[in-house]
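S.K.: Residues in the sequence shown are numbered from 17 upward in steps of one, following the numbering used here.
Simulated from the structure, these hints should not be mistaken for lab results.
Predicted, not measured: the structure shown is a model, and the values here were computed from it.
A virtual CB, placed ideally from N, CA and C, is assigned to each residue, including glycine.
Heads up, a few of these hints could be off.
[What the hints assert, rightly or not] Simulated restraints, written as ranges between beta carbons of each label pair:
no., residue 1, residue 2, range
1, F80, F113, 26 to 32 Å
2, T62, Q39, 19 to 25 Å
3, D42, I83, 27 to 33 Å
4, P81, E108, 26 to 32 Å
5, D24, T62, 24 to 30 Å
6, G99, D32, 16 to 22 Å
7, I38, F113, 15 to 21 Å
[Claimed, not checked] Simulated pairs of lysine-lysine, DSSO-like, Cα-Cα distance not exceeding 27 Å:
no., residue 1, residue 2
8, K61, K118
9, K46, K118
10, K29, K118
11, K61, K76
12, K46, K29
13, K34, K76
14, K34, K61
15, K118, K76
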Amino acid sequence: MQAEELRDFVIDKIEDIKARDIQVLDVHDKTDVADFMVICSGSSKTHVKSIAEYLATEAKHAGFPPIGIEGGEQSEWVLVDLGDVVLHVMQEAIRDFYQLEKLWGQ
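Please model the complete structure; the sequences and the hints are all you need to start from.
M.R.: Right under this line is the structure:
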């Protein structure tokens, strides 16, 4: 699957589970780690964890399991690494504090 297709897959799946304020950052010229970062918010720790777990499950079913998942224990910020696309699912307060859009958007 191409990076753009994977990005669209991620967006589609997190929209299914009502992720909020979805932002897509094209970072291919800023890092070798990924082509896209998708950032979204969940309304609670449970919602954040559910978004990440749902994406991981759907990605496995589609034939490209995550390389890694971090942060599920606290569920304030969960990262799902799919290679070309990295998803950051965050609670609003954590997202406001770290401001990844500003960090990676510049």
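S.K.: Holds or violated: are the alpha carbons of K118 and K76 at most 27 Å from each other?
M.R.: Roughly 31 Å separates the two Cα atoms, so the pair is violated.
S.K.: Given the proposed pairing of K29 with K118, does the C-alpha separation stay at or below 27 Å?
M.R.: Within the cut-off at roughly 25 Å; holds.
S.K.: Straight-line Cα separation of K61 and K76 no greater than 27 Å?
M.R.: Answer holds: K61 to K76 is near 23 Å, not above 27 Å.
S.K.: Taken at face value, is the distance from the CA of K76 to the CA of K34 at most 27 Å?
M.R.: Roughly 20 Å between the alpha carbons, so the hint for K34 and K76 holds.
S.K.: Using the beta carbons of D42 and I83, state whether their distance is inside 27 to 33 Å or not.
M.R.: violated (20 Å)
S.K.: Do the beta carbons of T62 and Q39 sit within 19 to 25 Å of each other?
M.R.: With Cβ atoms ~22 Å apart, the hint holds.
S.K.: Please verify whether K46 and K29 have alpha carbons no more than 27 Å apart.
M.R.: Answer holds: K46 to K29 is near 26 Å, not above 27 Å.
S.K.: Could you see if the CB distance from D24 to T62 stays within 24 to 30 Å?
M.R.: Given range 24 to 30 Å: holds, Cβ gap about 26 Å.
S.K.: Holds or violated: K61 and K118, Cα atoms, limit 27 Å.
M.R.: Answer holds: K61 to K118 is near 23 Å, not above 27 Å.
S.K.: Quick check: does the Cβ-Cβ distance between P81 and E108 fall within 26 to 32 Å?
M.R.: For P81 and E108 the Cβ distance comes to about 29 Å; the hint holds.
S.K.: Do the alpha carbons of K34 and K61 lie within 27 Å of each other, as the hint requires?
M.R.: It holds: about 14 Å lies between the C-alpha atoms, which stays within 27 Å.
S.K.: Hint says 16 to 22 Å; check whether the CB-CB distance for G99 and D32 agrees.
M.R.: The hinted range 16 to 22 Å holds for G99 and D32, with Cβ atoms some 21 Å apart.
Hint check: violations occur at hints 3, 15; the rest are consistent with the structure.
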